[in-house]
Structures are given as structure tokens and as C-alpha cells.
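Those sequence lines, one after another, are chains E and S.
Under the working numbering, the first residue of the first sequence carries the number 1, and numbering increases by one thereafter.
Under the working numbering, the first residue of the second sequence carries the number 1, and numbering increases by one thereafter.
Hints should not be assumed to be uniformly reliable.
Short derived list, chain E residues pointing at chain S, Cβ under 7 Å [as the list claims (entries may be wrong)]:
| no. | residue |
| --- | --- |
| 1 | Asn50 |
| 2 | Leu52 |
| 3 | Met82 |
| 4 | His89 |
| 5 | Gln90 |
| 6 | Ala101 |
| 7 | Gly103 |
| 8 | Gly105 |
| 9 | Asn106 |
| 10 | Leu107 |
| 11 | Asn108 |
| 12 | His136 |
If you are wondering where the hints come from, they were derived from the structure by calculation, not from laboratory data.
From the three backbone atoms N, C-alpha and C, an ideal C-beta is built for every residue, glycine too.
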Amino acid sequence: MIKIENLTYQYDSNQKPILADLNLEIRAGEYVALVGPNGCGKTTFIRHLNGLLLPVKGDIWIDDWNTKDSALLPKIRQKVGMVFQNPDHQIVGTTVEEDVAFGPGNLNLSPPEIRQRVDRALEWVGLRHHLQTTSHALSGGEKQLLALAGVLAIRPIYIAFDEPTSHLDPLSRKRILRVLQKLNSQGIAIIHVTHNMDEIIHAQRILVMDQGKIILDDNPAAVFTRIELLQKIGLDVPKISALLWHLRQKGIALRADILELDEACLELYRLIKPENTDPVHLV
Amino acid sequence: MYPIGQYAPGQSLMHRLDPRIKILCTILLSFLVLQGGMWAALFFSVLLGSAFLFSGISFSRLWQSLKPMFVFFILLFLLHAFFTPGRPILPSSAPRFMPTSEGLYLGALTTLRFVLLVLCATLLTCSTLPMDLVHGLERLLRPLRRIGVPSHEIALMISLALRFIPTFMIELQRIKEAQMARGVDFHSGSIFKRLKKTVDLIIPLLLGAFRRADELAGAMESRGYQRGSRTYLRELHFSHSDLAVTCLMVVMTWGYVFRLQILKFFNPY
Numbered sequence: 001m002i003k004i005e006n007l008t009y010q011y012d013s014n015q016k017p018i019l020a021d022l023n024l025e026i027r028a029g030e031y032v033a034l035v036g037p038n039g040c041g042k043t044t045f046i047r048h049l050n051g052l053l054l055p056v057k058g059d060i061w062i063d064d065w066n067t068k069d070s071a072l073l074p075k076i077r078q079k080v081g082m083v084f085q086n087p088d089h090q091i092v093g094t095t096v097e098e099d100v101a102f103g104p105g106n107l108n109l110s111p112p113e114i115r116q117r118v119d120r121a122l123e124w125v126g127l128r129h130h131l132q133t134t135s136h137a138l139s140g141g142e143k144q145l146l147a148l149a150g151v152l153a154i155r156p157i158y159i160a161f162d163e164p165t166s167h168l169d170p171l172s173r174k175r176i177l178r179v180l181q182k183l184n185s186q187g188i189a190i191i192h193v194t195h196n197m198d199e200i201i202h203a204q205r206i207l208v209m210d211q212g213k214i215i216l217d218d219n220p221a222a223v224f225t226r227i228e229l230l231q232k233i234g235l236d237v238p239k240i241s242a243l244l245w246h247l248r249q250k251g252i253a254l255r256a257d258i259l260e261l262d263e264a265c266l267e268l269y270r271l272i273k274p275e276n277t278d279p280v281h282l283v
Numbered sequence: 001m002y003p004i005g006q007y008a009p010g011q012s013l014m015h016r017l018d019p020r021i022k023i024l025c026t027i028l029l030s031f032l033v034l035q036g037g038m039w040a041a042l043f044f045s046v047l048l049g050s051a052f053l054f055s056g057i058s059f060s061r062l063w064q065s066l067k068p069m070f071v072f073f074i075l076l077f078l079l080h081a082f083f084t085p086g087r088p089i090l091p092s093s094a095p096r097f098m099p100t101s102e103g104l105y106l107g108a109l110t111t112l113r114f115v116l117l118v119l120c121a122t123l124l125t126c127s128t129l130p131m132d133l134v135h136g137l138e139r140l141l142r143p144l145r146r147i148g149v150p151s152h153e154i155a156l157m158i159s160l161a162l163r164f165i166p167t168f169m170i171e172l173q174r175i176k177e178a179q180m181a182r183g184v185d186f187h188s189g190s191i192f193k194r195l196k197k198t199v200d201l202i203i204p205l206l207l208g209a210f211r212r213a214d215e216l217a218g219a220m221e222s223r224g225y226q227r228g229s230r231t232y233l234r235e236l237h238f239s240h241s242d243l244a245v246t247c248l249m250v251v252m253t254w255g256y257v258f259r260l261q262i263l264k265f266f267n268p269y
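Turn these sequences into a full structure, and let the hints guide you.
Now the structure itself:
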């Protein structure tokens, strides 16, 4: 479990803190999404999770290890992996396999063990056929998958993603999101930072951050009903949620926990034709 | 067109040699070539020539790496030919400025030595993957860690430089296009003006590089990077052919150091 206690961070003591007195727990195996407008402190926050940044006030405990203890940092970074926004800024190796081998190499593993981890990680993200490819020759989406494979080879139990899809086209974006869900189903906790609400309807929990504070912490269905609050801080809700919310505002009785398009269609269809109770596939 | 000395994929004996051995051979051969006389230089020409045939590297690649040096070779030869004191090659009735026979000999020898040096280096880089070169270098420097040579860090620096060359080329092109879109013309103006425009390209490139370095450092730390020892994916294997090459090098060096009869035959001067 990651435990954040009274986390405060500021670059300069004269300035307003970027993170103000955060208290939070992230459980193992959870899929947590972190959303918020630009400059609200999302990136600063997740950079604290593996000790890239250290709290000015407060503490962060990774399974009872404090990130302030520099002797524990290598162990902490083995537990908490991090995938950044721009894949070009995190790939170290000239070839795909060299890049994935960077992390295990830092752990001083034996060459056969490194080989095994490299193969497994690349298999997992679906880049096994690219072992010897030069890393800059990959597409944007493949580069991000490579960056993820590099983190997976360290075998972390928490992975923080800092807007992993913002540089990608829609198809690569879908591919990454599928991999994220698959990772989560294997028991790895995901902390997914994003602007895009459509990406996180599958999250178990959404944290909404504004001006260094967590202003909402709930499941997606509950968060998406707070349209006015989200719009006030410059965020959109998924179109489906917005549509159903507006209909409910007009007094139409609709369930509040619907997130997916086909489910919404079915619900509306039932509303129009109440006598028809057979499950129909409309989408 | 191939860039100079770029890796040429292959499965030859040369390709399969341990990079450590290849690096050491290159250094040693360069030393022997520079120390030996004409016979030694001819001997090494034959040796390197057959090594090239073995490596299966095409002749055009070889030529690519020699071509840019051609002016230098000619200049080197002419300077030696004309400025070495000795007997002029023609009787004194001819014009005073005349190559000397000693000069011709020395010019030919020096030029041949430099050609051999370039060939040595080309053979190394054409038959070895850059990452293997870096790895080999790291393993060779590792014993020097005790006296404070940061072998892992040096290897990482070189491999990061290799990794980012294509990225920076793309970035440079992008900056150039962005400036062209705002009306900068890179193809006209005096040399001074063009130089100034190039500086305008370099500064944004450098700024971008610093920002990138900062993010890269974060990503590397996240993946557990710290100073000191680390392990590598590839293991280096010392095979029978490596042993054979090592023996050959030892014999040649021994021959040189102790001036064996056979080398005296090669090196009459």
C-alpha cells in the first residue's frame, strides 16, 4: 500500500505550494486515475511516488518504506515503476532489447536472467518481434510500449503513468489502454494521470486534483455526476455521462452508474420501449 | 551512400570475434604500423587486406571511408616528397624545387601508414555493432575502476550519445523547418550570414537537449540507475578464433619487441 501523509511540496518557500497537505492511500492492485487541469500538480505528485521528488513536509510510505530514506530508494524504485509522457525522453537503449535490459542491468541481475526478463516483458507488450530493432525506428505507440516494457522488466507492483497517451494517435492510445487494463488484471496497481476522461471509465477510483489538492476521490460513476464542479476547473466528463446527466436533470429516471456506450443505449431503449425487456445488442 | 565506418551486418569470422579482442588488435596494430618500416607496412597491408576479404565487407564501404581522407593523403605524400632533405630525383640541371628520393620513400611510407590506420578503424567499426563496441570498451576499462576510471559511466555516456544521434538529427530538421516557415533562407547570403543562421539552429537544439537530458535522468533514475556496478544483457565470449587472433597478435608484438630475425628481414631500415 502507498500511504501519503500530509504531503506538501513547493519549489520555493515564498511561493504557493504546488501540493498542499495531501493525505491519500493507494492500495495494491488498485486502478487509480488522477485527473486535473494543467499545472494542478499531477506530475509533481506522481514524481513523489518513487522518490524522484521528496516531500518538503509530510511523508510517503511505500509498503512501510519512507521515500526520504535514500538507502531504500533502489528498493522503492523496484516496487514503483514510472512511465512518462514522451517516450522519446525515456528510451535509453540503441536497440529495443538493450533498452529493456537497462533496468534489470541496474539491478545487477545475471545475463541469462536479464535475457529472460527482456523476452517476457517484450512478449507482454507485444513487441517480441522487434528485439533487434533500433529504438528510434519504432512508431510513437510502439515507443511507449517499449518504455512500458522497460519498466515491466523491473517487475514493479505499482506503475505510475504520466499522461502516457498524450503523444499518441487514437489507435496506439487504445492499444496502450488495453495493456494498462491487462496489467491491472494481473494484480499490478496502476496510477494513471491523464486529461482525457474517456480513458478512465474503467478505473476503480478517480482522484480529481485542483491547485494542489484532491477535491474529489470516488468511483467513476460518482465523479462523472459532478459535472458542474469538473467544468468549473476546466475538465470535461465523458459524453455518455454528460448526456445521461442532462437527461436526469430534465427529470428522466435513468440509472446514475452507466459509463459505457452500449449500456447507455440499452437503458435508453428500455426507456422508450418499456414493454421490451429482452436484452438487445444495439451497438 | 553509407556513412563512414557504419556497421555492415554480417556473420563472418570478423563479425563474430570478441569486441574486446578487436579493440585491442586495432590499438596494437596501429602501434605496430606506426613503428614498423616499409616491409612491416607491406606485411600489414597484406594482413589487413585478407582480413577485409574474410569480413565480407564490400569494397565500396572501404572506399567510402578512405575517400574523405584522400586530399589529406596526397598532401601528406607531397609534403614529404618535397621537403625531405636528400638527393633530388633528377640531375641538378632541372629546376631547384624537386622531390628527393628519400622524400618519395618517406612520403610513400607515411601515406601507407595512414591508409592502414584508417583501414584498421574501418574494419573495427564495420564488423562490430556500436553497442558491442561500447560493451567491449567497458569490459576493457573495468580493471581501471580501481584507480578511479568510471568505466560503466563512460560506456553509458557513449551509448546514450549513439542512441540520441538520430533523435537530434530529427530535432535539427524540425527546428530548421520551423525557421524556414518563418522566412529564414538557409541557402543564400554571405558565409558569415549563413554561419549566423546555423548558430540560430544550434541554440534551440541545445536548449531542447538540456530539457531532454533532465527528463531522461528522471526516467533513468526511475528504472533504478545509480552510479557503480551494473550488469549487461550480452555476455562476451572468448572463442577459439579469438584465441587464434590473440596468438597471432602476441607473436607479432613479440617479434617487434625482440627484433626477431624475421622482422629484421621485413624492416631493413
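Quiz item: Checking against the hints above, which ones are violated?
Solution: none
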